[in-house]
Amino acid sequence: MRITDTSDLWYKNAVVYCLDVETFFDADGDGTGDFAGLAQRIDYLAELGVTCLWLMPFYPSPDKDDGYDVADFYGIDPRLGTHGEVVEVIRTAKDRGMRVIIDLLVNHTSDQHHWFKESRKSVDNPYRDFYVWRSDPPPDTSDQVVFPDEEDSIWELDERTGEWYLHHFYKHQPDLNISNRAVQDAIAKVMGFWLQLGVDGFRVDAVPFFLNDLGMTDREKDDFSEPHNYLKSLRHFLQRRNGEAILLGEVNVPFADQVEFFGGTAGDELTMMFDFMGMQNLYLSLARGDARPLAETLAARPLDKISPDSQFANFLRNHDELTLDKLSAEQRQEVFDAFGPEPEMQLFARGLRRRLPPMLDGDPRRIAMAYSLLFALPGTPVLFYGEEIGMGENLDAPGRMAVRTPMQWTDEQNAGFSSAPPRRLVAPLVEGGFAPEHVNVAAARREPDSLLQLMTRMIQRYRECPELGWGDYTTLDQPHHAVLAHRCTWDEASMVLLHNFGPEPVTVPLTLDDEPGTVLLDLLQAGECELDDRRRVELALDGYGYRWLRVKRPGDRRLP
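Okay, so the sequence shown: first residue is 1 according to the UniProt record's numbering, each after it adds one.
No lab work stands behind these hints, which were simulated from the structure alone. A couple of the hints might just be wrong.
Here are the simulated DSSO-like pairs of lysine-lysine, each with C-alpha atoms no more than 30 Å apart in a straight line [said to hold, decoys possible]:
| no. | residue 1 | residue 2 |
| --- | --- | --- |
| 1 | Lys171 | Lys117 |
| 2 | Lys117 | Lys64 |
| 3 | Lys171 | Lys121 |
| 4 | Lys94 | Lys189 |
| 5 | Lys94 | Lys232 |
| 6 | Lys171 | Lys232 |
| 7 | Lys232 | Lys305 |
| 8 | Lys64 | Lys189 |
No experiment lies behind these values; they were computed from the predicted model shown.
Just need the whole structure built from these sequences, with the hints factored in.
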């Protein structure tokens, strides 16, 4: 086992847990979660097996976009706590063996940020060039907006100066002019500040949007002629300050375009990227009961064109809408029909604002199989808070807020999240079959067959199997379209993993390239089987079943 090769690439087999501080746990009883509350729940996350916390934006903000409209990159939203309490969370997490990453917003700020307030005072203000402006009326750009239900242009007229500013997202989120060296320096100082406080990297928001020259002057385009050089410079700066820190990028583009965002075989841009292509085709496979869309997508990962140190992050539930924009219109409709047939379940005509358990009708077999996939697929798993207990959504909440409901700790008032009067909660609770009286941490900890217990066991096994995060991936030939059979191998360690997307039990015949007498040990339940003289084995798989099998060759001394 090449221990010396893995020690500084901790992210390759990490378990990342994303949470919003304001909806996680309220310590002071004002109805809003806070850092003091998060510090009290670090031990719960450590017990679950989390090794990296991803904290969603906690900066001062008008909060028109759940904190992604930042008014001060150095500050702390006063509702959530102080810098001292942030440091205490980081210290406590590290004491329990967890890294901490935070959101880095490079593309835009709030229109309440000091920089933008200054920039709109006059056309010659020193901060004017921190943003992208145009003096002539813009053309129709309705086809370029990120939120088509909310905006009809990526340009907004500023009445004070009579010019238009660029905003790919909401009009209250003006885009930064990344070609401006002063902006680049300002972003680096922000990164340096948080690295000095102890964070281990950043989840970088909306990467493709800030690596473009839209609206720039000819001079600015010359200065920014190679946008990816800026991403390289961010990575170089990061690793000068902390050689083990990472950049986890939100890059929802096809695989062919992702290569450049990784930095190709040099691997000198983003450390990790979310696998949006894999996620979307996983839901297509779930909708069809057919593993082939997912298998074909995994096979298309451009692993030969990126550095072996680069990594894909797997996820089933992002913190905003579950986007399906890379599927064809017909494929997207299949997923809508299966998991979000009602208009109020959909968002921006391209995605779903739902959590996984309600989409799968609460079927414990399908839910368990889906989360088994999250940990068994090659890459690093990312969990959204509450997934480990099977939380649902509140479709009465607007937009993306449907999945950003308070964490459900108990079946008591306010789900044990806060002692405040219910009317003061930062967000409404889930109701119905996934309400706190049915889904909560306290009950799940006492129930031996709960999703929480299963997830904890899967995380433990995942952490014991570096081949899942590090290994080469191969799809195994077998006759059932509903079954994904794959193998992950790293050095002498190897695993065979099976997942049945269909409701009917099957027997999966496999021929493996291992010597006769090799044993397959089941890691999630009792059982084992041995390859016959022709190196074949037949494996029983329940409807929506899954198996993790360690390949144990003669003389192998790894623990079963």
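Holds or violated: Lys171 to Lys117, with C-alpha atoms at most 30 Å apart: Status holds; Cα separation ~14 Å.
Agreement of Lys232 and Lys305 with the hint, judged by alpha carbon distance not exceeding 30 Å: holds, 17 Å
Hinted pair Lys94 and Lys189, Cα distance within 30 Å: holds, 23 Å
Given pair status - Lys189, Lys64, alpha carbons within 30 Å: Given pair Lys64, Lys189 holds - Cα atoms ~25 Å apart, limit 30 Å.
30 Å limit on alpha-carbon distance, applied to hinted pair Lys171 and Lys232: holds, 29 Å
Proposed proximity, Lys121 with Lys171 (alpha carbon, max 30 Å): Given that 30 Å is the threshold and the Cα spacing comes to 18 Å, the pair holds.
Hint consistency between Lys117 and Lys64 [alpha-carbon to alpha-carbon, up to 30 Å]: holds, 17 Å
Restraint check for Lys94 with Lys232, where alpha carbons must lie at most 30 Å apart: holds, 28 Å
Violated hints are absent here; each numbered hint is respected by the structure.
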